[in-house]
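Chemist: The chain contents come next:
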Amino acid sequence: MQIIKPEEVLSEYYPPLTDHEALVEANRCLYCYDAPCTHACPTHIDIPKFIKKIATGNVVGSARTILESNLMGATCARVCPVQELCEGACVLGAEHKPIAIGRLQRYATDYVYERGIDVFKPGPPTGKKVAVIGAGPAGLTCAGELAKLGHSVTVFEKRELPNGLSTYGIIVLREPVEVAQAEADMVRRLGVEIKTQMELGRNLSWDEVKQGFDAVFLSVGLGAVPRMGIPGEEYILDGLQYIETSKMNPGSLKVGHQVVVIGAGNTAVDCATIAKRLGAERVTMVYRRTEREMTAYDFEYSFVKNEGVEFRFLTQPVEVLVENGQVVGLKCVRMALGAPDASGRPAPEPVPGSEFVLPCDQVVKAIGQEKPAVARLLGLETDKGFIKVNQDYQTSLPGVYAGGDCIRAKGSASTVMAVQDGKLAAFAIHRNLMAGMGAAADD
Amino acid sequence: MADLSINFAGIKSPNPFWLASAPPTNSGAQIHRAFEHGWGGAVWKTIGAPVLNVSNRYGAWHYGGQKMLAINNVELISDRPLEVNLKEIRDVKRHWPDRAVIVSAMVESTPEAWRDIILKIEDTGADGIELNYGCPHGMSERGMGSAVGQVPEYCQQITRWVMDVAKIPVIVKLTPNVASVVPPARAALAAGANGLSLINTINSIVGVDLDNFQITPNIGGKGGHGGYAGPAVKPIALNMLSSLGVDEVVRKTGVPISGMGGISTWRDAAEFLLLGATSLQVCTAVMHYGFRIIEDLTDGLNAWMDAKGFKTINDVVGKSLHRISDFNDFDLSFRAVARINPDKCIQCNLCYVACNDTAHQCIDLVDASGQVVPPYHYDVRSNGKHEAVSTRPQPVVREEDCVGCRLCHNVCPVEGCIEMVEVPSGRASVTWRELTEKRPEVTNDWEAMQRYREEVGIEIH
Chain A
1 MQIIKPEEVL
11 SEYYPPLTDH
21 EALVEANRCL
31 YCYDAPCTHA
41 CPTHIDIPKF
51 IKKIATGNVV
61 GSARTILESN
71 LMGATCARVC
81 PVQELCEGAC
91 VLGAEHKPIA
101 IGRLQRYATD
111 YVYERGIDVF
121 KPGPPTGKKV
131 AVIGAGPAGL
141 TCAGELAKLG
151 HSVTVFEKRE
161 LPNGLSTYGI
171 IVLREPVEVA
181 QAEADMVRRL
191 GVEIKTQMEL
201 GRNLSWDEVK
211 QGFDAVFLSV
221 GLGAVPRMGI
231 PGEEYILDGL
241 QYIETSKMNP
251 GSLKVGHQVV
261 VIGAGNTAVD
271 CATIAKRLGA
281 ERVTMVYRRT
291 EREMTAYDFE
301 YSFVKNEGVE
311 FRFLTQPVEV
321 LVENGQVVGL
331 KCVRMALGAP
341 DASGRPAPEP
351 VPGSEFVLPC
361 DQVVKAIGQE
371 KPAVARLLGL
381 ETDKGFIKVN
391 QDYQTSLPGV
401 YAGGDCIRAK
411 GSASTVMAVQ
421 DGKLAAFAIH
431 RNLMAGMGAA
441 ADD
Chain B
1001 MADLSINFAG
1011 IKSPNPFWLA
1021 SAPPTNSGAQ
1031 IHRAFEHGWG
1041 GAVWKTIGAP
1051 VLNVSNRYGA
1061 WHYGGQKMLA
1071 INNVELISDR
1081 PLEVNLKEIR
1091 DVKRHWPDRA
1101 VIVSAMVEST
1111 PEAWRDIILK
1121 IEDTGADGIE
1131 LNYGCPHGMS
1141 ERGMGSAVGQ
1151 VPEYCQQITR
1161 WVMDVAKIPV
1171 IVKLTPNVAS
1181 VVPPARAALA
1191 AGANGLSLIN
1201 TINSIVGVDL
1211 DNFQITPNIG
1221 GKGGHGGYAG
1231 PAVKPIALNM
1241 LSSLGVDEVV
1251 RKTGVPISGM
1261 GGISTWRDAA
1271 EFLLLGATSL
1281 QVCTAVMHYG
1291 FRIIEDLTDG
1301 LNAWMDAKGF
1311 KTINDVVGKS
1321 LHRISDFNDF
1331 DLSFRAVARI
1341 NPDKCIQCNL
1351 CYVACNDTAH
1361 QCIDLVDASG
1371 QVVPPYHYDV
1381 RSNGKHEAVS
1391 TRPQPVVREE
1401 DCVGCRLCHN
1411 VCPVEGCIEM
1421 VEVPSGRASV
1431 TWRELTEKRP
1441 EVTNDWEAMQ
1451 RYREEVGIEI
1461 H
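From first to last, the protein sequence lines are chains A and B. For the record, in the first sequence the residue sitting at position 240 is 240 according to the numbering used here, with numbers rising by one throughout. Just so we're on the same page, the numbering used here is the position in the second sequence counted from 1, plus 1000.
Check before you lean on any hint, since a few could be wrong.
Cut-off 30 Å, straight-line C-alpha distance, at most; resulting in silico cross-link-like pairs (DSS-like, lysine-lysine) [what the hints assert, rightly or not]:
#	chain 1	residue 1	chain 2	residue 2
1	A	K52	B	K1067
2	B	K1308	A	K52
3	A	K49	B	K1067
4	B	K1234	A	K52
5	B	K1167	B	K1093
6	B	K1344	A	K49
Computed Cβ-Cβ distance ranges for the label pairs, DEER-style [unchecked claim]:
#	chain 1	residue 1	chain 2	residue 2	range
7	B	D1379	A	D238	35 to 41 Å
8	A	P15	B	I1460	30 to 36 Å
9	B	V1380	A	A94	47 to 53 Å
10	B	D1296	A	A94	53 to 59 Å
11	A	K331	B	V1380	45 to 51 Å
These are calculated hints, taken from the structure and not from any lab test. This structure is a prediction, so every number in the text was calculated from the model and none was measured. From the three backbone atoms N, C-alpha and C, an ideal C-beta is built for every residue, glycine too.
Extracted from the complex, chain A is given alone in its bound form:
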């Protein structure tokens, strides 16, 4: 019998570029002016600049260029859908291979983290205090940018470790926990205090936050995987929990022989990958719409197909079948696409009498996340359940800002978008705080 070592089968998929590979690839970059890759990047990293710095052997300068625009550059180098962003816009894409921007970015950012090099210093103190609720990519970015500008920042994080989904929600295959922690440590070294296991409404009161700080940034992310409301749901595993266990304590993750994953987004793909790599004989992803509507990125979809994961499209689970406390199957109904629904996609409708059973011994669901509960707690205005903000990321409460997944009412949530929110919100907070002091409102 083959012994599966989780830390091996789930270890980071792409090896780091060697110095030589990085140099050759960096030299291939044309150094476009006003480059489309930079436009396509939500944080607008000056990509030709950081790549040329690799080519000239100024790797610290390269990392600084990246982190100036994107403090979570090491995470984004790994998890960004580069085919849709920078690499997708590369001018070499038409006739050649686009530059491997993500991997070069990883090369430069890993270089400074591995050597403990800090590329930024805290700014001269302004005397202003900002609270950040939630230490995910948006929160850490906002905190780091504010610290660079001299503000005193405290981050409150409900979990044990900072950096949100980068720490808990992205499989090690794409991003090891250490990378997420290195970013949080860098922010700490800018003078930011990260208080973990502090949750608003549980052991942290809103009054405390409101009275102790000059501004607040909410970067609370989203909630748990929502309920499906089908019989036997209590036997379905939470996909985010599944991923978290695979990262924090992979040895304890019990993977079934025949696993069904409900959903077809990137989290679902990651769950299926874990199950397959940890030894499931058969992993089936079940999705009520078709291949065309699935929200997983193309490269994630092809990756998981290569892993040997099977797909059942136009299939809706209706009941988890359980015998003697053990899952034995997932009862499903076939669907047909009807008229477009609120999301603009064709609405799937059940085909009467088409019920069938998928035999399985484990069911995992990854069908999105609950809307942020903080909105109701603070009585904030919302947009489709997400926290509503203005151009300056300010919520309906004065001095309270928000960013990241919790405001993403439009478009798909991603780390890089969260980073941009955190950065722009920090600049807006800074402008407002400094305007109050009668000082220059520059960022």
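Chain A is fixed; fit chain B onto it per the hints.
Modeler: Chain B in isolation, oriented as in the chain A frame:
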């Protein structure tokens, strides 16, 4: 199939490609192997005065990930005993009667020393002799090599000594480390040289190590100038070659020229032929890739000659020389403008930044609606490949403002995307020489120049 064979001052070879006198021709075994690969000839690594060599003798210049765009060396002439070289030369020539075996020589500057070495070379059965007046390091400090090549009188004197003795053709190899190669060339010809070859290597220091501040290459804590060669020197070599080709005195003698300096491909070779070389010597490209490159040198040259209808090498030699001119005779009314083909353009905008920052500010970025937009003209919240690509402006030349400097054409990474197109200037053809003969005042009076410009309609932005 074109006939690639040449007759260079009586030295015959089946193709014009000779290995230059350098490390690749250090021994009989190497030259045997080179001839097996098809090289037409070889100029034996210089023999003569006794020498000793050092380690770290080759430096190199790399650029943008490309290795060895040029090599720099402080290797001296052959450090193998003279008798060993002479024996191997005899052996190679006996095995390869159809190939050109030329022996490079350099000895101390006395008639006796030269007479002695010439007789020894002739005794091997070699086809010719090349006098090394070019070596810029080590030998020059001892009054040989470029120390001779830089002084026309020495060139003439020593060549005379050699010509008094030699019965086989003698080629004089010139140094580029001079203001003009014409005086030493004329001197060599005045003494009766049968051929010229150029260029030898150029004085150079290849770099400094930024970790320890040592000179590159580090020769036991020291470094110094060496001889520079390889692809990077080709334009310098072409200029020097053509300067001989257009010199009346040199041309009148009708002596053939062996061209070298950065020849790496058949394309380089064809350019040297067009500017007057009859034989072609190669070193750095062979040191980079080995003797095997002779296959494409001959194959590619042959195909090009067939395509252009050239039957023999002689048909090609000097074909472009009549176009060599100088600024005085360029047509001031010739006008070309850059045109960017939007179908080929990948919108890297390198032409835009080059023109805007460093040339003549005549390329605009134009959006889909035809509006001129500044660079970085997008909202900070705009992102994604579709937005980036679909809203990307196109560089467009304002032809009326384009001076035709050609910088954009040079920086464009896409073959055939930016073409220089000749357009009528509406002015009668005139050269600077003609203009200043007629109106000498324009050379020293800006107002006179302005009057002339207004008269003929030259507008400078």
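Chemist: Hints first: check each against the structure and report whether it holds.
Modeler: Hint check:
Only pairs whose Cα atoms come within 30 Å are accepted, and K52(A) paired with K1067(B) is accepted, the gap being roughly 18 Å. Restraint check: the Cα-Cα separation between K1308(B) and K52(A) comes to about 42 Å, which exceeds 30 Å; the hinted pair is violated. A threshold of 30 Å between alpha carbons decides the hint, and for K49(A) with K1067(B) the separation of about 23 Å falls inside it, so the pair holds. The straight-line distance between the Cα atoms of K1234(B) and K52(A) is roughly 28 Å, inside the 30 Å bound, and the hint therefore holds.
Under the criterion of a C-alpha separation no larger than 30 Å, the hint pairing K1167(B) with K1093(B) is consistent with the structure, at around 17 Å. Only pairs whose Cα atoms come within 30 Å are accepted, and K1344(B) paired with K49(A) is accepted, the gap being roughly 25 Å. Roughly 38 Å separates the CB atoms of D1379(B) and D238(A), a value that falls within the hinted 35 to 41 Å. Separated by about 57 Å at the C-beta atoms, P15(A) and I1460(B) break the suggested range of 30 to 36 Å.
For the pair V1380(B) and A94(A), the beta carbons lie near 27 Å from each other, so the given range of 47 to 53 Å is not met. Checked against the hint of 53 to 59 Å, the C-beta distance between D1296(B) and A94(A) comes to roughly 29 Å, which is inconsistent with it. In this structure the supplied range 45 to 51 Å holds for K331(A) paired with V1380(B), their Cβ-Cβ distance being about 49 Å.
Figure legend: structure checked against the earlier numbered hints; hints not met, in rising order: 2, 8, 9, 10.
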